[in-house]
Amino acid sequence: KNEVEQSPQNLTAQEGEFITINCSYSVGISALHWLQQHPGGGIVSLFMLSSGKKKHGRLIATINIQEKHSSLHITASHPRDSAVYICAVFPRKGAQKLVFGQGTRLTINP
Amino acid sequence: NAGVMQNPRHLVRRRGQEARLRCSPMKGHSHVYWYRQLPEEGLKFMVYLQKENIIDESGMPKERFSAEFPKEGPSILRIQQVVRGDSAAYFCASSLGQRGTEETQYFGPGTRLLVL
Chain A
1 KNEVEQSPQN LTAQEGEFIT INCSYSVGIS ALHWLQQHPG GGIVSLFMLS
51 SGKKKHGRLI ATINIQEKHS SLHITASHPR DSAVYICAVF PRKGAQKLVF
101 GQGTRLTINP
Chain B
1 NAGVMQNPRH LVRRRGQEAR LRCSPMKGHS HVYWYRQLPE EGLKFMVYLQ
51 KENIIDESGM PKERFSAEFP KEGPSILRIQ QVVRGDSAAY FCASSLGQRG
101 TEETQYFGPG TRLLVL
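Chains as they are written, first to last, in the working numbering: chain A, 1 to 110; chain B, 1 to 116.
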């Protein structure tokens with residue numbers, strides 16, 4: 001079993017829909033990254049959070065440390081949001097190496 | 001402000017040759033990380049370096065792989081005597097380098113290595 005599990009693995013939706021991607025982890029962590037990998041392969045860091053909630057534009061990330069769960073939400077989804085979204089955790093305080101989920105492939109159809 | 005730079009973006013090698021992948025961190029960043037993404041698999045940590053020091057190489061294969069981050073110049077990931085199983089995307093990331101805290105890592109565009 002992977003230390004970081006994402007669901008769903010694949011998600012297809014229509015433009016405008018509200019999107020939720022989930023991340024559960026089995027290890028104690030100190031912080032969590034949400035990353036976006038575009039079809040061309042480049043990786044962009046969307047959020048790093050260790051508690052609560054963060055919002056950037058149409059993206060919202062939440063984390064519940066006690067439940068070992070994080071969610072990434074996209075409001076008013078658009079075809080340009082189509083990408084692979086990856087959850088990655090710092091497995092302990094001060095740790096710098098990331099442990100990654102398998103990614104969620106999101107496709108938004110116009 | 002230039003982001004993390006990697007070159008080459010694509011590299012083709014024949015079995016037995018050497019591959020050298022370069023990573024220049026963001027300006028002001030002193031920590032570099034290398035990750036590997038095998039085809040149809042997730043990203044995996046390889047090595048974490050500071051200038052002139054390897055901090056954590058627990059993800060590096062024991063043979064043929066080495067990494068350095070010299071005082072001057074880019075970080076280099078070196079793969080000797082490449083095999084087909086080394087074909088993957090290799091990503092470099094960098095962070096500021098504040099000890100004891102988790103930091104946002106900024107990723108480069110990756111080097112796609114194909115071993116024939």
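Treat each hint with caution, since some may be false.
[Claimed, not checked] One side only, chain B facing chain A, incomplete, derived with CB under 8 Å:
(1) 28
(2) 31
(3) 33
(4) 45
(5) 56
(6) 65
(7) 106
(8) 110
Since the hints were made in silico from the structure, they are not lab data.
Using N, Cα and C, we set each Cβ at its ideal position, and we do this for glycine too.
Do the hints match the structure? See the list:
1. 28: Hint violated; residue 28 (chain B) Cβ to chain A Cβ min 16 Å, cut 8 Å.
2. 31: holds, 7 Å
3. 33: holds, 7 Å
4. 45: Status holds, d = 4 Å.
5. 56: holds, 6 Å
6. 65: violated, 16 Å
7. 106: With Cβ-Cβ at 6 Å, under 8 Å, it holds.
8. 110: Given a least distance of 5 Å, the restraint on residue 110 (chain B) holds.
Violated hints, listed in ascending order, are 1 and 6; each of the other numbered hints is respected by the structure.
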